[in-house]
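Taken in sequence, the protein lines are chains X and L. My numbering puts the first residue of the first sequence at 2, with every later residue one more than the last. My numbering puts the first residue of the second sequence at 2, with every later residue one more than the last.
Just so you know, these hints were derived from the structure itself, not from any lab. Treat the hints with care, since some could be wrong.
The list treats identical chains as one, so a pair stands whether inside a single copy or across any two.
Said to hold, decoys possible - Straight-line Cα separation of at most 25 Å, DMTMM-like style, residue types lysine to aspartate or glutamate; simulated pairs: (1) Lys-108 x Glu-371; (2) Lys-370 x Asp-401; (3) Lys-404 x Asp-376; (4) Lys-108 x Asp-219; (5) Lys-29 x Glu-258; (6) Lys-404 x Glu-377; (7) Lys-370 x Asp-343; (8) Lys-245 x Glu-296; (9) Lys-404 x Glu-375; (10) Lys-245 x Asp-345; (11) Lys-135 x Glu-289; (12) Lys-103 x Asp-294; (13) Lys-341 x Asp-376; (14) Lys-341 x Asp-294; (15) Lys-350 x Asp-219; (16) Lys-404 x Glu-127; (17) Lys-404 x Glu-371; (18) Lys-29 x Glu-366; (19) Lys-65 x Asp-338; (20) Lys-173 x Asp-401.
Note that this is a predicted model, so its numbers are computed, not measured.
Number of protein chains: 2
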Amino acid sequence: MSDFTFIPGGVTAAKGYSAAGDHLGIRKSRQRKDVALIVSEAPAAAAACYTQNLVMGAPLTVTKAHIADGCAQAIVCNSGNANTCNANGVEIAEGMSDLVQKYTGVKASNVIVASTGVIGQPMTLEPFTNGMEKLAALLAATPEGGAAAAEAIMTTDTIAKEVAVSFSLGGKICVLGGISKGSGMICPNMATMLCFLTTDAAVGAKVLQTALSAVVKDTFNMLSVDGDTSTNDMVCVLANGMAKNQPLEACEGADYEAFKAALFAVCERLCRMMAKDGEGATKLLTCEVSGADCEATAKTVAKSVIKSTLLKAAIFGADANWGRVLCAIGYSGAALDVSKVDVDFSSVKGVLPVCRSGAGIPFSEEAAKEILSEDEITVSVSLNAGCAAAKAWGCDLTYDYVKINGDYRT
Amino acid sequence: MSDFTFIPGGVTAAKGYSAAGDHLGIRKSRQRKDVALIVSEAPAAAAACYTQNLVMGAPLTVTKAHIADGCAQAIVCNSGNANTCNANGVEIAEGMSDLVQKYTGVKASNVIVASTGVIGQPMTLEPFTNGMEKLAALLAATPEGGAAAAEAIMTTDTIAKEVAVSFSLGGKICVLGGISKGSGMICPNMATMLCFLTTDAAVGAKVLQTALSAVVKDTFNMLSVDGDTSTNDMVCVLANGMAKNQPLEACEGADYEAFKAALFAVCERLCRMMAKDGEGATKLLTCEVSGADCEATAKTVAKSVIKSTLLKAAIFGADANWGRVLCAIGYSGAALDVSKVDVDFSSVKGVLPVCRSGAGIPFSEEAAKEILSEDEITVSVSLNAGCAAAKAWGCDLTYDYVKINGDYRT
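Just chain X, with the same shape it has in the complex:
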């Protein structure tokens, strides 16, 4: 049904997008790129989802206003400072947009602005004033341009995150690619950490928003590194239409489904990359819930399991402490019959059934150690009460998470 192929690259994989990333001086270390710029050749349909945190970063306020008309053409994003809880935050975000206009010609009101880093740290426009011309000159419609942008938005991430797929709409080959960052303060709620997606498909702004909202619900909103919902979460997508497909203007039909499948594939893969690269993480932890009476129950249970700090620490220690899975199911808030719950742990090394009908069953500690020592662990929970299912992604809790966050500002 859904037919897409993963291809190399990220935000410059689709036609008509150039990108750049460089060190402009927001970070102290000259070795680290700190501003990314992404530009579409033509104005594009735009859609976004934002954090639900009441404390919302100034860049998000500005972005919301800029894409209220469903149109955008450029994205500028700095790392090293979240531009949040600063008295002059909106002024700086507008200033960043003005500088993009000055050096790229894209209208300031078509610029999406994002910032990530320390909250409440004083910030000035100076690095942008001094460096935007140089950054704009680096814009390139190449894999290298996209990779530089992916690198420039990293904070405590240890790897840059790029994904792209090609797919077909009405006989035309389209491409959708994206980059994301996110390592700590991750528990998106109706939105996500920073994720920038570009496609050359022609998609109307409303359809784009509907597809994005639907996909975010099942991908980024099912991701948690530490239960902390950031103030600056945002995922946005630009669709510039340069693939010349018949524009998608309805939220139904084969083409809409094909587009949504491609969008889901990119977002899910970025999600897994973010979870596996969670602050201090050594393992990707996936919880797959099946047999739920409804989707809400399945999601609530899956998220509760991957958020349990006790289970996360046990997974770090490769300890098959399944009682913590039952405990997290029990306090999730979902209504369910605990005496019907089955739990398995699994990895590439095999499947380990540990609980049937809410009670423990004997298992080999050796087999458990072998399975849980892998770097991708799945906890499968069957509620045996219906047909709904859900998946959530997280990571283990390690010494390094504490180390990274014990002294983040310096």
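On the provided structure of chain X, position chain L as indicated by the hints.
Using the frame of chain X, we list chain L on its own:
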């Protein structure tokens, strides 16, 4: 108004209570006591609050039935195994009660049963069958008896937790004392970790339950070590009337208030002891919220702040990363105006204002380091929107939390 004095001791501080703790063989290490027994000379009024986790330990099911009549006379509690998610859990908990009856004469239906330790670990009645006679012989109405019981209920706790106060009801001197345990899997919800309280005051069962429920709401329910609500949380209180005060039969008046104040004092102090002794913790973290529009808002905000793993790690590192406080306030779910929020950090070394009207203000990093290096840190949040206030207790997140929970079962 409220007039009470802290005195030494715990569950044997009040008249007519004896206690014991010993190694019966649930734990492997012979060095560690693993069963506590507390007995009142006379049947006592009894009240309890329980975990809201859907997965509820078998001992709690049995206890609920035993004190449905508002009366109890003994408490038996083992550590080392939670007796939860075991097929024969209720049978074992009833068996423990029967053995208490056999060796102390207290009716099995007047026994409160509790267990704490690993969930879903097979368990047998054998250690109790073999050891209960010896344990009953150790019962003593002495500080040593109470201390042995406090020690026997410890799991990853590093210190035993005992508190007692004396107070006066209608001219009669009464005493209320308690012990508690709890170090990890702590985020009580309408209940708490294990806490056993005894008083010689004469208090009707209904009044006792009302007072306990009210106090638990503001003490144990405002405590979080790791956001994980255990399956076995319980706080219970026995009132045997041996102080011979005029029995308290109404939830109003000076005597009721005096009793509630004494109960609050004991519970609050146990709460602080539990937070400070949280798994791996090096610091007690208190969040005091004031100026809220209502109590619910104040509580929601206070709990969100002390639960943030990012803030907890920053406090471990003595890093004044107040943006994480704002972030936790923002995602708490409470409706409030972020632009009015003020935040201070403080300890015995002084007060450090860090945020006014939702924006950062300059502060000395040296002063911050000095204040945050203490072992009791308070985060004061003023919402400037009303008169309601609340307090919540937690602790820092450290390497040792990960270490303890990476391999808890072995």
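Results of checking the hints against the structure:
In the homo-oligomer, the alpha carbons of Lys-108 and Glu-371 never lie at most 25 Å apart, since the shortest distance is 56 Å inside one protomer and 49 Å across protomers. Taking identical chains as interchangeable, the C-alpha atoms of Lys-370 and Asp-401 lie at most 25 Å apart whether they share a chain (22 Å) or sit on different chains (21 Å). Taking identical chains as interchangeable, the C-alpha atoms of Lys-404 and Asp-376 lie at most 25 Å apart whether they share a chain (21 Å) or sit on different chains (18 Å). Taking the closest pair of Cα atoms, Lys-108 and Asp-219 never come within 25 Å of each other, the shortest separation being 33 Å inside a single copy and 54 Å across copies.
With identical chains, the CA atoms of Lys-29 and Glu-258 are never at most 25 Å apart, being 45 Å at best within one copy and 58 Å at best between copies. Proximity of Lys-404 and Glu-377 under a CA criterion of 25 Å is satisfied in both settings, with 23 Å inside one chain copy and 20 Å between copies. For the identical chains of this complex, Lys-370 and Asp-343 are intra-copy neighbours only, at 20 Å inside a copy versus 48 Å across copies, given an alpha-carbon limit of 25 Å. Taking identical chains as interchangeable, the C-alpha atoms of Lys-245 and Glu-296 are never at most 25 Å apart, the minima being 37 Å within one chain and 58 Å between chains.
Taking the shortest Cα distances, Lys-404 and Glu-375 sit within 25 Å of each other both inside one copy (23 Å) and across copies (19 Å). For a Cα distance limit of 25 Å, the shortest separation of Lys-245 from Asp-345 qualifies neither inside one copy, at 47 Å, nor across copies, at 57 Å. For the identical chains of this complex, Lys-135 and Glu-289 are neighbours neither inside a copy (47 Å) nor across copies (48 Å), given an alpha-carbon limit of 25 Å. For the homomeric pair Lys-103 and Asp-294, neither the shortest alpha-carbon distance inside one copy (55 Å) nor that between copies (46 Å) is at most 25 Å.
Proximity of Lys-341 and Asp-376 under a CA criterion of 25 Å is satisfied in neither setting, with 29 Å inside one chain copy and 45 Å between copies. Taking CA atoms no more than 25 Å apart as the test, Lys-341 paired with Asp-294 passes inside one copy only; the shortest distance there is 12 Å, against 43 Å between copies. Taking CA atoms no more than 25 Å apart as the test, Lys-350 paired with Asp-219 passes in neither setting, with 27 Å inside one copy and 48 Å between copies. Taking identical chains as interchangeable, the C-alpha atoms of Lys-404 and Glu-127 are never at most 25 Å apart, the minima being 32 Å within one chain and 44 Å between chains.
In this assembly of identical chains, Lys-404 and Glu-371 lie within 25 Å of each other by CA distance solely across copies; the values are 20 Å between and 27 Å within a copy. Proximity of Lys-29 to Glu-366 under the C-alpha cut-off of 25 Å is restricted to the inter-copy arrangement: shortest distance 18 Å between copies versus 48 Å within a copy. Taking the shortest Cα distances, Lys-65 and Asp-338 sit within 25 Å of each other only across copies (20 Å), while inside one copy they are farther apart (43 Å). In this homomeric assembly, Lys-173 and Asp-401 never come within 25 Å of each other (Cα to Cα): the closest approach is 47 Å inside a single copy and 56 Å across copies.
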